[in-house]
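Peer 1: Sequence:
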Amino acid sequence: MIFTTERLRLRELTEDDAQSFYQLLADPEVMAYSPSGPLSLEQATKLLTEYQVMYKNYGFGRWAVETRSNNTFIGYSGLAPLAVTGKSTIELIFRLQRDVWQQGYGFEAAKAAVYLAFTRFRLPSIVTLVETDNEAAKAIVKKLGMHSGDTINRWGKEVTCYWLKSLPDCCQGLEELALAKEHSN
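Per the UniProt record's numbering, the sequence shown runs over residues 1 to 185.
There may be inaccurate statements among the hints.
Stated by the list, open to error - Derived pair list, reagent style DSS-like, types lysine-lysine, alpha-carbon separation capped at 30 Å: (1) 87 x 157; (2) 143 x 157; (3) 138 x 165; (4) 138 x 46; (5) 87 x 142; (6) 142 x 165; (7) 56 x 165; (8) 138 x 87; (9) 87 x 165; (10) 87 x 56; (11) 142 x 157; (12) 87 x 46; (13) 157 x 138; (14) 165 x 143; (15) 56 x 46; (16) 87 x 143; (17) 157 x 46.
These aren't lab readings, by the way, just hints derived from the structure by calculation.
Given only the sequences and the hints, what does the whole structure look like? Please build it.
Peer 2: Structure below.
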């Protein structure tokens with residue numbers, strides 16, 4: 001287990017997640033803002049393996065997000081290396097199943113990843129790239145306190161770079177909550 005929030009648990013992706021991971025990445029609506037679009041089973045399986053290698057190479061990556069109430073996989077959130085405008089940085093990433101949208105899970109999972117970025121991994125900053133018409137993602141990153149930067153063309157689309165250079169106020173006290181939840185399970 002990587003981290004626990006009020007309603008969610010973040011953990012490393014495993015082979016046991018393969019089917020749920022594929023279903024997430026094969027959904028055209030979920031993948032509407034992904035440069036690759038929906039993935040095949042073969043592509044999703046390869047990506048799962050790449051994400052697992054990332055844990056070994058960096059100590060972090062995209063973590064499975066599951067509900068604490070019933071341990072159901074609902075997506076992933078995490079951190080990944082990214083080069084933006086010629087600079088290496090770390091990107092905040094989150095992607096959840098459609099049936100859990102509009103329930104605050106995206107913000108909760110992203111907030112946990114931000115907290116880990118600045119506390120456990122002691123990163124100096126993080127970015128996220130959001131397509132200019134992705135209103136749901138923009139709402140989450142703004143709620144996280146991320147600052148809007150340049151709009152660039154990436155993957156043939158206009159994306160805005162949002163950034164953070166320190167732990168935002170919305171993450172204060174998160175570790176104490178995570179520890180309390182971990183000990184109550």
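Peer 1: Quickly compare the C-alpha distance for residue 138 and residue 165 to 30 Å and report which way the hint goes.
Peer 2: This hinted pair holds, its Cα atoms lying about 18 Å apart.
Peer 1: Need the status of pair residue 87, residue 143: alpha-carbon distance at most 30 Å?
Peer 2: holds (25 Å)
Peer 1: Need the status of pair residue 138, residue 87: alpha-carbon distance at most 30 Å?
Peer 2: holds (22 Å)
Peer 1: Given the hint that residue 142 pairs with residue 157, test it: the Cα-Cα distance must not exceed 30 Å.
Peer 2: Since the Cα atoms of residue 142 and residue 157 sit roughly 20 Å apart, the hinted pair holds (cutoff 30 Å).
Peer 1: Hinted pair, alpha-carbon criterion (30 Å max): residue 56, residue 165. Please report holds or violated.
Peer 2: holds (25 Å)
Peer 1: Please verify whether residue 165 and residue 143 have alpha carbons no more than 30 Å apart.
Peer 2: Holds: residue 165 and residue 143 sit about 15 Å apart, inside 30 Å.
Peer 1: Quick one, are residue 87 and residue 157 close enough, alpha carbons at most 30 Å?
Peer 2: holds (19 Å)
Peer 1: Given the hint that residue 87 pairs with residue 165, test it: the Cα-Cα distance must not exceed 30 Å.
Peer 2: holds (15 Å)
Peer 1: Mind checking the alpha carbons of residue 143 and residue 157 for me, to see if they're no more than 30 Å apart?
Peer 2: It holds: about 23 Å lies between the C-alpha atoms, which stays within 30 Å.
Peer 1: Between residue 138 and residue 46, does the CA-CA distance stay at or below 30 Å?
Peer 2: holds (29 Å)
Peer 1: Can you confirm whether the C-alpha distance between residue 157 and residue 46 stays at or below 30 Å?
Peer 2: holds (25 Å)
Peer 1: Is it true that the CA of residue 87 sits at most 30 Å from the CA of residue 46?
Peer 2: holds (26 Å)
Against the hints set out earlier in the document, no violation occurs for any number.
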